[in-house]
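Following the hints, complete the assembly by docking chains B and C onto the known chain A.
This is what each chain is made of:
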Amino acid sequence: MPLLEVRGLTRFFGGLRAVGNLTFSVEEGEIVGLIGPNGAGKTTVFNLVTGFVRPSSGDVRLGGESIAGKKPHAIARKGIARTFQIVKPFPHLSVKENVTLAAFLRHRARADAEAAALALLERLGLGGRAGKLAVELTLMEQKRLEMARALATGPKVLLLDEPMGGLNPSEVGLASELVESIRRGGVTVVLVEHVMKAIMRISDRVLVLHHGERIAEGAPAEVVKDPAVVQAYFGHGVA
Amino acid sequence: MGALYAMIGIGLTIVFGVMRIINLAHGEMVMLGMFAAYLGHKSLGIDPYLSLLLWVPVLFLAGVAVYRFLLARVLSGGELNTLLYTAGLSLLVANAALLLFSGDYRTLTLGYAVVPLRPFGIAIPVALAIGFALAVVITTALWLFLGRTDLGRAIRATSQNREAALLMGIDAERVAALSFGLGTALAGAAGVLLAPSLYLYPTVGELVIVKAFVVVVLGGLGSIPGAIAGGLLLGTVESLGAVYVSSTYKDGLGYVLFLLVLLYRPSGIFGVGRS
Amino acid sequence: MRGRGALAAGFIALAAAAAVPLVVRNSFALHLCILVFLWATLGEAWNVLGGFAGQVSFGHAALFGLGAYATAILYLRAELAPWWGIPLGGIAAAVVSIPTGLVAFRLRGPYFSLATLAVAELTKLVALNWEWATNGPTGFLITSLPTLHLFGISVDWEAKAPFYLSALAMMGLAMGTAAALSNSRLGSFLLAIRENEDAAEAVGIDTVRAKVLTLALSGFLAGVSGGFYAFYFRYIDPDAVLNLGISMEMVFIAVVGGLGTVLGPLVGAVFLTVVGEEVRERFGAGHLVFYGLFMMLAIRFLPEGIWGRSRKLLARLSAREARHAAPRG
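From first to last, the protein sequence lines stand for chains A, B and C. Taking my numbering, I'd label the letters of the first sequence as residues 1 to 239. Taking my numbering, I'd label the letters of the second sequence as residues 1001 to 1275. Taking my numbering, I'd label the letters of the third sequence as residues 2001 to 2329.
One chain only, chain A, in its complex shape (with noise of 0.2 Å):
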């Protein structure tokens, strides 16, 4: 049984129709990268599967349980965690509480949590910032300060939304290394990326969306060199 499935997963705002009976499953273990070209729906389809937009019909089954319409904080509880495409840490919080807060979903008692939020923050490197307000980290360690804070949650499955936006070609070498890591770990990954690079180099499977459609799915070198994901990105006329 896989992991994570969604299942003719629709949504529409209004009379536009964001994502439409998508379906498309993840075992455990799998990375999975999701692409498409701008307004193809992908954030859309981590905001159904997390919970925060409800679906206008269709599921979202989590190792065989339906979590389409659950609150945001119950599939966290269930065990998605997600990154935000713009960070959203706590501001005006220090890193360690930034992180603590997350591990409290699996630590009942405040020092628990705080030294499982700080083994994490050491993992990802940021435990020399540990003290330090969210807002002074630079943007490369507030992406950290994000995954780290998915991770304290202690998800079956991690959802990136574009872990790479803004990144120069160094820092997205090493973000490419510690998404792998995480999956060494023990945690399925699902991300939405642009930077082609990490997407072929860390995913084992992609899948390709294209007005709120899969439109192509299979290995990275494959995907690529498909015609109809040719045509979506750089549209008719590309020999």
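Take the hints with a grain of salt, since some may be wrong.
Okay, derived cross-link-like pairs now, BS3-like style, lysine-lysine, Cα gap no bigger than 27 Å in a straight line [unchecked claim]: (1) K132/A / K96/A; (2) K96/A / K71/A; (3) K2312/C / K71/A; (4) K96/A / K78/A; (5) K197/A / K225/A; (6) K156/A / K71/A; (7) K2312/C / K88/A; (8) K2312/C / K132/A; (9) K156/A / K70/A.
The set of hints was computed from the structure by calculation and includes no laboratory data. Only a predicted model underlies this, so the values are computations on that prediction, with no experimental measurement involved.
Relative to the frame of chain A, chains B and C by itself:
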């Protein structure tokens, strides 16, 4: 009445649209307009409608000054702080007026406005009729200004997308200051027009601000046509409510409508504006 | 100051304050203290929701008034003594706040604030018109309080001391609650909600439940204050207990004193009462002018409030001392 509500609402919605500020002191601006007209009439004998020519520019400049010197610094603190700041401003202005003018209710009666007009057998108070007419004139002028002039377009552009406007070389700060001035002037003008029809007292701003928000939310925050529609809608609902439901609860109707819209159609009944 | 030290200091301060009426006989001075305690309680009540959770309510007067009316009605119609009635008034306010919160908290930020404004005005309208229940604009007059025997003495309700002590206890309760909250998980969750509500949801915090719980707590404190008000001032009507000015004063106290701090509202209440009395002497009406002015000044220059800023300064001073005291090497 609806048209005047609309005017007040437009002022508020412009300020929100351009600067994302919810100006709680807007009601006090209206109150200032009312009192300005009252004073002008009482001590100098100026007809309030004529005094519009004087007060509108004055209030416009006052608004720009308020923005430049008071508001601009606080904006970086965030929405919450700005909201509280304008709340403080509203307290300040309302109570300063209270100190200066005392809490007595005043009325401004115009010699020529006592006998109501009777078109088609419906009695319409003269003051309201003139107010309505002038409000329509002003709103139309505003519409033309926003649609045809460069500055007007700059305001609309900044209101829709501040960053893009900046990229296009629009001085967003200047536009913001001017928009605030415009909003204030509109509020004050509405106040002047309202003066002959309502009781004047310094804390009337409390009543006004809530109605202004009802109007703006009904039409969609940031949308000018929405504010017009919202104003007319509120005016109609209140008048009908006063007749058919009960005159004491008519204010309550506005509040209920407001809450309903906020909850179920946050982008306004007409679906315009952002949530 | 954290933990045991703070608790001990708190008790000592309370004990000292409780001893004041033994020494001070001036009726007016005691009256001022009572006002300070009352406003501090209201400030704490508002601060719990507005400072900790970042949900700015302009309608808290509704909860205050609800408590006042509930207590008055229970006393005048059901002859329930105030020592039972006041807590019940608080509970009534808390209970009413729950469904209101469930609905209102669907809104965020300024929309929420506006909604609270509308709800409060609606409440006032209802109180003015529902004559059967609330006596409309006439309100309620409490002519005498029931007799109470404590430690063998019959309590003299004409004196200030009993009210002073009750108000002090009430404030102590409010501050204790705020302190307990700030040290609890719920308190931390509230801060997260204030900082970024979406992110809070994403890490598993049930934001609606947290907000509603906090509102209920806030409502209880405000309602209890309302009940106290009813019996101290002995007269309530919609304009006295449900008007917007009260809501704004609560906001003012918390903002000027220190949003999100425990001692802030007390500082704010002292400030407000002192300034208020001064202004009332000189000017009569319109004293809120200075509230408006100070609120603007506070936001502009002291966004953490008087106490909030003092706390930061104290922290920096003690850090500097620690650095000097620590040996080099």
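Status of the hints after comparison with the structure:
no. : hint             : result
1   : K132/A / K96/A   : holds, 8 Å
2   : K96/A / K71/A    : holds, 26 Å
3   : K2312/C / K71/A  : violated, 38 Å
4   : K96/A / K78/A    : holds, 24 Å
5   : K197/A / K225/A  : holds, 15 Å
6   : K156/A / K71/A   : holds, 17 Å
7   : K2312/C / K88/A  : holds, 26 Å
8   : K2312/C / K132/A : holds, 16 Å
9   : K156/A / K70/A   : holds, 17 Å
Hint 3 alone, counting from the list given before, is not met by this structure.
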